[in-house]
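Protein chains: 2
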Amino acid sequence: MSEAPAIRRPGLRERKKARTRAAIREHALRLFREQGYDATTIDQIAEAADVSPSTFFRYFPTKEDVVLQDELDLLTAGAFASQPADLSPVAAFRAATRVALDSLSDDDLARLRETAELTLTVPELRARAMDEFARTITVIAEAAASRSGRDPNDFAVRNVAGAIVGVIMAATMPWTNWTEDRQTGDLFARIDAALEHLEAGLPL
Amino acid sequence: MSEAPAIRRPGLRERKKARTRAAIREHALRLFREQGYDATTIDQIAEAADVSPSTFFRYFPTKEDVVLQDELDLLTAGAFASQPADLSPVAAFRAATRVALDSLSDDDLARLRETAELTLTVPELRARAMDEFARTITVIAEAAASRSGRDPNDFAVRNVAGAIVGVIMAATMPWTNWTEDRQTGDLFARIDAALEHLEAGLPL
DNA sequence: AACTAATTGACACTTACTATCATAAGTCTC
DNA sequence: GAGACTTATGATAGTAAGTGTCAATTAGTT
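If you're matching them up, the sequences are chains A and B in order.
Using our numbering, the first residue of the first sequence is number -10, and each one after it goes up by one.
Using our numbering, the first residue of the second sequence is number -10, and each one after it goes up by one.
Any given hint could be a false lead.
Put simply, identical chains are the same to the list, so a pair is met inside one copy or across any two.
[Said to hold, decoys possible] Calculated lysine to aspartate or glutamate pairs in the EDC-like style (CA-CA distance at most 20 angstroms, straight line):
1) K52 - D27
2) K5 - D143
3) K5 - E15
4) K52 - D39
5) K5 - D59
6) K6 - D75
Quick caveat, the hints were computed from the structure, so don't treat them as lab data.
These numbers were taken from a predicted model, which means no experiment stands behind them.
The task is simple: from the sequences and hints, build the whole structure.
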């Protein structure tokens, strides 16, 4: 008997994999925090997580991918699609961001902040994150298109998505002439303010 | 005697360096074109340019930097600052782009197209280019600030710069669901259209 | 021609990442 | 529970990017 759990339970294998993955990630982030990203080698991470270097690469294609796991924009995209249709795309996206952020646990939020900090600091990661941004343009464009029944490849739709991502970039990375304020309000608060400004038509 | 030419002429040394640099760059781009970016090694480039691998790294810190040499946004920034003050920031930037493009020789333009193509194609380069975009936000913000006498770190100023870069990104990289049109008009024409759309307030 | 400073090439090294293969562990069937 | 089957793992060897050092060459100077 016991035919129900056929698909249900994760199974020992899956659980072990999830634990291994989490362990690698945890130790990697800790080491990055303690010694810096560059100074930490894959071998060190593997040893700390008690796996072989080979195994590290089976779980994460590159060292960068340990840090860059943007679950947030997927959540946002989901929440975006289900916003009331009478909102402008920017307003809808703004609301969706709030929903997505609220859905995160404190732990998730803390990790998100840490990886965000790393991403802004390490040039290597910053560059990769930008590639993610570019992908995000497409994601937003698709969500916006499905909301308004337009083509996701429509030039205007993509352009709005680009502007959204652009202001987020600007709000996220004010890293030049930064003397010290670099935390003028919360990161997410800055993003929200940027979207608000865009929504208002970018008045100077 | 002969005190005048002290600072004037480039000198043999400088000229040779410039030639070496150009040779490396030229052969690298040719090899990338012929065999692809990944398939081309530093050793091959060095051999083709008739220098040692060490020398390659003295001229270019990384393999990526051979491709990524955005002189364009510097030109644009210059032209931007000298636009009539009554233009909106976006309109001024649009005009500046045109001026900068017109100032390029056909050779420069051809090379620009080639490197742009590479940059869009190779993930590694795409990621790095995004980092350049982020830097461009700051450059634009500074130029816009000096035009209007505001602070370059002003939130609103940076936000406008972000939106400009964002729509450029969107126009430059429509690489998903791309079936084939990927050249809907010229790259630069697309950028101009994107800026025009932003200038008009991003109507849908 | 002799001296100084910059450019170069050779060498050795670290590290990220790939490919392969044998072993060990989890899963399924009877 | 013993077997066959599948999947995860670790060891090993290899490639290629990038760094540091040092001796030899080459350009500029007096």
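Identical-chain pair category, K5 with E15, by Cα at 20 angstroms
within (15 angstroms within a copy, 51 angstroms between copies)
When no copy is specified for K52 and D39, does a C-alpha distance of 20 angstroms or less occur within a copy, between copies, both, or neither?
Within one copy only: 17 angstroms inside a chain, 34 angstroms across chains, cut-off 20 angstroms.
Up to 20 angstroms between alpha-carbons, please classify K52 paired with D27: within, between, both or neither.
both (10 angstroms within a copy, 19 angstroms between copies)
Alpha-carbon proximity context of K5 and D59, limit 20 angstroms
neither (23 angstroms within a copy, 47 angstroms between copies)
At most 20 angstroms between CA atoms: does that hold for K6 and D75 within a copy, between copies, both, or neither?
Neither, since 44 angstroms and 61 angstroms both go past 20 angstroms.
Is it within a copy, between copies, both, or neither that the alpha carbon of K5 lies no farther than 20 angstroms from that of D143?
Neither. Shortest intra-copy (44 angstroms) and inter-copy (50 angstroms) distances fail the 20 angstroms Cα cut-off.
In terms of the numbered hints stated before, the structure departs from hints 2, 5, 6, listed from lowest to highest.
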